[in-house]
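Take these sequences, add in the hints, and give me the full structure.
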Amino acid sequence: MQIQLFRTRNVERKMLEEVASCLHKVFSANVEIVDHYIEPPIDIFDDKRMQYLADAFVYHVYRYRNFVSIAIILAEFDAYVKGLNFVFGLAIPHLKTAAVFLPRLAVAASGIVFIERVKKEVIHELGHILGLKHCFKRECVMSFSNSVAEVDSKTMKFCRKCTKLLEKQGYKIGQEYTLM
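Heads up, the numbering used here is the position in the sequence shown plus 73, with the first residue counted as 1.
The hints are simulated quantities; they were obtained by calculation from the structure and are not laboratory data. In this text, all values refer to a predicted model and were calculated from it rather than measured experimentally. Fair warning: there could be bad hints in the mix.
DSSO-like, lysine-lysine: derived pairs with alpha carbons at most 27 Å apart [said to hold, decoys possible]: (1) 227 to 206; (2) 121 to 155; (3) 245 to 234; (4) 234 to 206; (5) 206 to 237; (6) 227 to 245.
Derived Cβ-Cβ restraints for the label pairs, each shown as a range [stated by the list, open to error]: (7) 85 to 135: 19 to 25 Å; (8) 136 to 74: 17 to 23 Å; (9) 140 to 245: 21 to 27 Å; (10) 108 to 253: 37 to 43 Å.
C-beta atoms are modelled at their ideal positions from N, C-alpha and C, and glycine is treated no differently.
In structure tokens form, the structure reads like this:
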């Protein structure tokens, strides 16, 4: 599996290095950290909500993806999709592209807690790209999170069912990232 990690201007490279290391451990993925920044187009900003439209941003990022890799961007701004107040992240599987939006993940978090939240959401969005839906097992990384408390309560691990679905598609998940 090939993954390109992108960032917006204010995301530190160290964060991308942490995420890249995690993705390699979980999926044995080859991860490229792309050195240039991708900024959101101004026309996807909603002045009333003070948020960006998440799906429009993912489509924007898709244009930068090489066509053999999955693209994931860490974005230092708040975003939403129609029908929800906000999203921590969004994947569009047929584009093989996802975004994780950092501000709400940083709420009341130390450096370590913040990084753990980001890793969980990146793994979650990558799970969607690989065909997984939301999981009802609360501890599974694929469970839906509507608050940072829910992000904190899930693990970075896939439940047995989600692991088996990934393995059926040929993806090998590191044993320490599978719930027993």
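Hint check results:
{"no.": "1", "hint": "227 to 206", "verdict": "holds (15 Å)"}
{"no.": "2", "hint": "121 to 155", "verdict": "holds (14 Å)"}
{"no.": "3", "hint": "245 to 234", "verdict": "holds (14 Å)"}
{"no.": "4", "hint": "234 to 206", "verdict": "holds (11 Å)"}
{"no.": "5", "hint": "206 to 237", "verdict": "holds (13 Å)"}
{"no.": "6", "hint": "227 to 245", "verdict": "holds (21 Å)"}
{"no.": "7", "hint": "85 to 135: 19 to 25 Å", "verdict": "holds (24 Å)"}
{"no.": "8", "hint": "136 to 74: 17 to 23 Å", "verdict": "holds (21 Å)"}
{"no.": "9", "hint": "140 to 245: 21 to 27 Å", "verdict": "holds (23 Å)"}
{"no.": "10", "hint": "108 to 253: 37 to 43 Å", "verdict": "holds (39 Å)"}
Going down the numbered hints, you'll see the structure goes against none, and every one checks out.
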